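Trainee: Below are the chains, spelled out letter by letter.
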Amino acid sequence: EPAVLYDIGGKFDKGFNEGAFNGMEKFKKDTGLAYREFEIQNDAQREQALRNFAKKGNSPIIAIGFSQAAAVEKVAKEFPDVKFAIVDMVVELPNVRSIVFKEQEGSYLVGLLAAKASKTGKIGFVGGMDIPLIRRFACGYVQGAKSVNPNIEVFQNMTGTTGAAWNDPVKGGELAVSQIERGADVVYHAAGATGLGVLQKTAEKGKLGIGVDSNQDGIYPGKVLTSMMKRVDVATYNAAMDVKNGKWSAGFNVLGLKEAGVAYAYDDFNKALITAEMKTAADTAQADIIAGKIQVHDYMSDKACPF
Amino acid sequence: MTHPDARQFQTSMVDGEHQSRPMPAIELVGIDKRFGPIHANRAIDLVIEKGTIHGIVGENGAGKSTLMSILYGFYQADRGKILVDGQEVAIASSQDAIRHGIGMVHQQFMLVETFTVLENIILGAEGDPLIGKAEKRARALLKRLAQDYNLKVDPDAVVSTLSVGEQQRVEILKALFRGAETLILDEPTAVLTPAEADHLFRILAQLRDEGKTVLLITHKLREIMAITDTVSVMRHGEMVVTWPTREASVERIAEAMVGRRVLLQVAKGPSLPGRALLSVDHLTVKDPRGVIVVDDASFEVRAGEIVGIAGVAGNGQSELIEAIAGIRAASTGRVSLHGKDISGEDPATLRDLGLAHLPEDRQKVGLVLPFDGYENVILGYQDDPTFSSGFLLNRKAIASMAKTLFAGYDVRPGNPGLRAALFSGGNQQKIVCAREIERDPSVLLVGQPTRGVDIGAIEFIHKRLIDLRDRGKAILLVSAELDEIRGLADRILVMCGGRIVGECLPDRPESDIGMMMAGIADLSGREATRFDR
Amino acid sequence: MDTVFDSLIPVLGSSVRLSIPLLFACFAGLFSERAGIVDIGLEGKMLAGAFAAGAIAHHAGNPWAGLLAAMGIAMLLSLVHGFASITHRGNQIVSGVAINFLAAGLTALLGQAWYGEGGRTPQLPNTARFLEITWPGAETARASYGEIGNFYANVISGHSILVYAAFLMVPLTWWVLYRTRFGLRLRAVGENPHAVDTAGISVGRLRYLAVLVAGVLCGIGGSYLAIAQSGGFVKDMTAGKGFIALAALVFAKWRPFSAMATCLLFGFLDAAGSRLQGTPLPFIGQVPVQVFQALPYVLTVILLAGFIGKAIPPKAAGVPYTKDR
Amino acid sequence: MSAPARELPWLVEFFLLPALNLAAAFLVAGLVVLAIGENPLSVGKIMLYGALGNAEGIGYTLYYATNFMFTGLSVAVAYHAGLFNIGPEGQATFAGIGVAIVCLAFDGAPWWLVAPFAVAASVIFGAAWAFIPAWLQARRGSHIVITTIMFNFLAATLIVYLLVNVMGKPGSMAVETKTLSDVTRLPLFSTFMKTYGINLGDAPLNGTFLLAILASIGVWLLIWHTRLGFEIRTVGTNPQAAAYAGIDPTRIVIIAMLISGGLSGLLAVNEVMSVQGRLVEDVAQGAGFVGIAVALMGRAHPIGIALAAFLFGVLYQGGAELSFDTPKITRDMIVVIQALVILFAGALGHMFRPGLERVFARRGS
Ligand SMILES: Nc1ncnc2c1ncn2[C@@H]1O[C@H](COP(=O)(O)OP(=O)(O)OP(=O)(O)O)[C@@H](O)[C@H]1O
Ligand SMILES: Nc1ncnc2c1ncn2[C@@H]1O[C@H](COP(=O)(O)OP(=O)(O)OP(=O)(O)O)[C@@H](O)[C@H]1O
Ligand SMILES: [Mg+2]
Ligand SMILES: [Mg+2]
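Protein chains in written order, with this note's numbering: chain A, 1 to 307; chain B, 1 to 533; chain C, 1 to 325; chain D, 1 to 365.
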């Protein structure tokens, strides 16, 4: 049976851990098979948990989050016959599938939509913890926005520099308010539970928010422009299914727009907010990115954002 | 008052023939109290007549404070009953005691130091949920009492800025504000100057004459003789005897307290002073607020003499000693030991040079109460090579030293493994004395060596100090007890307002010295300044 | 780039909002420590309060019910603290640590057990929250009275009722402490419990009252976080505010008006830090985010060291009261 | 930790009383377990078996206890000097930076060569982070509880800055340095315990455990058998007496805090040089706060600290096993159990004392 190891944020973080959880739940529903899971409490438990799973014969063992890389690398070497997967990080071993997302591509699209929806020519971004991954979101967003309006002003704030930054909706809300007071009328968050505060304040102030990771349009219907969905659920579901169906492959698994690993949300909740013109523009951009006509800059490639 | 000692005492306002009708204000019947293994009060019976001053004496740890605290509801007796005005009453808390008209001035003052006098007085007796009215009432009362009893204190002064005597007045005012009919005072004069004590006794007598009852605990037998109507003696938790004071004498009381005859005055030979071991030149000390507390003091202490410093508490004696001992920084002037300048040296260095210091507050300064006897025996001497081998402490050497000192000073119980807090006051003082005296220092600074110490222990400590002198050492003694200074010192310096205002020999009449202490007479030829804080 | 002045007013508004939880926690600490009970469990009590507020406001659909529940649960934890440190004379710091752990664990545990959202309580509709109150004329003022109007609209108007309650609490606390019997006794018991005892007042009862008041205030602070500032409880949402409040208390030397000033200062630093983050500063250029994050802490340390002098706590704070020697 | 009013027989004082306290804690914890629909007895069995039932479990338990011993000793040394060091978390974090610098500089060199430098770096960095609060306390009278709390926040901010911008693993978004090569990492006991037929499994127990025991002995000697210890305790119990005895409080406050910080720093050797093999964002993982409870429950005495650290090791390891086995019992449940232990064995530690005193005093007198 498959096993999943969540990162320190926990499985109900309304973000990528929860995405993994949803993927596994779907797997359970579709196949009727059980799965095992563990939420770590401290770093020392990463290896402990992975080994525990491996010894009990779980496969695949899916580790969520870049922080698990070192542990996966170590344990995967010890158990070469067990199949591992890791999300958001690359571990180059023959029995590990590394699943990474091109968050910049999805962010580009929501940036484009934000710029189109903005009346003030000013938009905002609220990140969680200040790490390269989040700057990758920010950079794609800015690039997308500038593709519509080169003069657009994008306010960027990070909530904090420690893990607590993922879990501070109050601070998130204040950052959003501060951006709104500077004129922003669309604010995108990539900040886990902190983002709930962002969405709440944008809704309260009559502005638009943009969700992240899962589809968050429904949290404040009509007040959330769209969500940048990162399909961790699909990735984990696939990993589990692949093993079950004997189609497992190790190696790199980069999920961008092309692979439907990232996407912008369009549903009943935000239909009214996204005009046909906006939708066309977004879809065109998506096609262009998939076709390689638009290169979305990856912050991680040079640790810099040229925009 | 017919006793000869009483006549000598300055307080002559007491009318010894005060007639007391036998109407007990308080009756204690079979009061028994244990603290774990300690039997502090053993089946005590005591009758206190209304409108009298009733003295209670006893050695340290005899159980006086415990008994009074039971009466005041601070502790509960294990057995026994309390009658107030002939009625048996249950006193389960101080609130009950207050309700029955009992007030108490504790040995350790129970004041909130950061509060004003007014706030302290109304605390617990506010009446209203708001304190405004109570403050007004207290202010009015203070004004009245200031006139009636000459009980003056500034109602808006913060208590921590008051002198000890003033703080005590606040305690009394507190009791009076609560309408106390019976007032218990636990060693009220231990920290007072003769003049302040005098003042206090005048107030007590006046209260008694107004029909109030006063219970007075003290170690000073002369005070008992001077102002009480009745005296009770306690020993080892028991009430040994109660006499009308006029039938008692200092000697009889002392004997009842200790259970044997005691020498009240230690015999000492004439002093044979040698060269100066300690000299102080133009020493000036400022307190942290910049106020001058020792003003240009100069004097010498020679080998083989005891120099006593007399003065009303708070006139710079403590600061002077502390400055010499290196605990307090002097702002100008110089101190030399054996002719060597030691100004600014720290206490550890000074000890190495042979300067020992018996501090006036043994519990807060001289001992670390949670430490055991062994550790307290090396306090201050922890760097002495005999007590350490390299980094480590030499436990054997420390143990043998402790054993010697405990045996030599008859510290009871004689077990240095006990925490210092477990020893009674007298025994604690013996430990500190043993440590400082037996190091055989060439100069010893002594502050209040027998404050709150019982007669037996006083006798012992005085003997040791004289022994040390006779071995050719120099001793500088500060004491609030003029008697003690006159009994021990070979030469007396008088301090007032931070200055040394006079010098005299111990046979000088007490009243002369008292005048100097008050800053009225100036025998040094300099203008005496009143010391205002 | 807008001028510093343009952004000052929004920052001030934000400062006010951010300082409120600190203010409640700080005053909770003030009551407790003035009575001689050190309380590092402010954080936990506020957290538990926030959880209760979020949960009950959700079920009752009413913020007041949430507020009451928050005060109730925080008072319950206060009683635990009191039981350990007053009745049984336990170590107050340990008791506080235990309460912090307990609150962190239980809120997450119960939140997960009841709502299955990872310890979050369900997102609240506006009817179940304390909403911002716009004062009369705020919008016209903003539009037509320049900076002053802007100040009125942004800083004075537009906060939830709990914000105004917090500022009302300041003079009220002062009045209670210095003008009432309760306050007099409270201050006395923190300085010299023996004096209080011999005055015939129960030390234990007073201290219990004080920690209960602390509980009430922590409960309000928690409610503010969960149902005024946000639309529900989030795991660990106090994020160290209880500790910062404690720092503010020391900083303010246990005095009400200074405490308010300090909390506002901390709120301002937080708000200004967020606002300045990412904007290049004149002469210095781009500054790492961490600098702004660290700013309040660094400033606290510097101010503690350099300007306020020695902060002397209530003398009996942290010391269990015994009659024995 | 207020001084006991009366003396109890030491067997009662040091064994019966703590045992009763723990029993109370587990009783209440059992009720919570019952409330979420699990059987407390089987839960207890799983925890105990997981923590102590096999060599691997014991290895994990001792690994956790190692960290708690360091932070517990750290808090205790400061406590003896009358200082409340709330900062072991930050001190260990900063020490982590030092250990990482050393280990990365010598990466590839054998561990026994690097170890002395790493240990030195951990102590120096840990002490350095404690120095500023210590100096501020000694010289400026700043409240050390507050400054050490602030320094915890500052260390957390600083390490993230360094990991993201300076020391981070190139090309990775994880907030960590690269992993040390195996030769440089302090080897685990499991590798050579196998030769003695003991299978520690994958338990991360390593040489720092011995270091913790040495540190305990060292602290014991220091506090009760050296001049410095005497001076530290004197300053901590009675500053006035210390001044009278010629002990410089500034010097003692600073020295005690340096030692305290150094002890916390040693935790970083365990984490960075051995268990993690790299510097991660969260070096101490809360051990700093557990250390406060450990020190106070252990009455600031190394033996008590060792026992309390072991107890918390059991809770951590047993708790992890428990949540593997019993999905209903989440990690938050473990936090609750810890809280109850701290509450009953720490803060309510005197709850049963009056009763015991009554029982034993009657027999004693
Ligand atoms: N608080 C306490 N706890 C435990 N034991 C105590 C305590 N106070 C005193 N003791 C011990 O109880 C015994 C009786 O003490 P007490 O004060 O009555 O002594 P004492 O003989 O009157 O001494 P001295 O006359 O020298 O003051 C002594 O052995 C003392 O060490
Ligand atoms: N709270 C207490 N706990 C334990 N022992 C106590 C306590 N109070 C007093 N004792 C002990 O009871 C005995 C009587 O003490 P008490 O204070 O009544 O003596 P005292 O006659 O007032 O002595 P002193 O003249 O020194 O004031 C002493 O041995 C003392 O140590
Ligand atoms: Mg005695
Ligand atoms: Mg007494």
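Since the hints were made in silico from the structure, they are not lab data.
Some hints could be false.
[What the hints assert, rightly or not] Quick list of simulated restraints, FRET-style, between CB atoms:
(1) A:301 <-> C:137: 42 to 48 Å
(2) B:160 <-> A:183: 56 to 62 Å
(3) A:292 <-> D:120: 51 to 57 Å
(4) C:72 <-> D:199: 32 to 38 Å
(5) D:19 <-> B:251: 56 to 62 Å
(6) C:291 <-> D:10: 52 to 58 Å
(7) B:392 <-> D:110: 32 to 38 Å
(8) D:37 <-> C:72: 23 to 29 Å
(9) D:39 <-> A:30: 31 to 37 Å
(10) C:134 <-> A:267: 30 to 36 Å
(11) B:160 <-> D:213: 44 to 50 Å
(12) D:213 <-> B:161: 51 to 57 Å
(13) D:120 <-> B:298: 40 to 46 Å
As the structure is a prediction and not an experimental result, all values here were calculated from the model.
Just so it is clear, CB atoms sit at the ideal spot from N, CA and C, and this is done for glycine as well.
Trainee: Now tell me, hint by hint, if it's right for this structure.
Mentor: Hint-by-hint comparison with the structure:
no., hint, result
1, A:301 <-> C:137: 42 to 48 Å, "54 Å, violated"
2, B:160 <-> A:183: 56 to 62 Å, "57 Å, holds"
3, A:292 <-> D:120: 51 to 57 Å, "54 Å, holds"
4, C:72 <-> D:199: 32 to 38 Å, "52 Å, violated"
5, D:19 <-> B:251: 56 to 62 Å, "59 Å, holds"
6, C:291 <-> D:10: 52 to 58 Å, "54 Å, holds"
7, B:392 <-> D:110: 32 to 38 Å, "35 Å, holds"
8, D:37 <-> C:72: 23 to 29 Å, "25 Å, holds"
9, D:39 <-> A:30: 31 to 37 Å, "33 Å, holds"
10, C:134 <-> A:267: 30 to 36 Å, "33 Å, holds"
11, B:160 <-> D:213: 44 to 50 Å, "49 Å, holds"
12, D:213 <-> B:161: 51 to 57 Å, "53 Å, holds"
13, D:120 <-> B:298: 40 to 46 Å, "55 Å, violated"
Comparing the model with each earlier hint shows violations of hints 1, 4 and 13; every other hint is respected.
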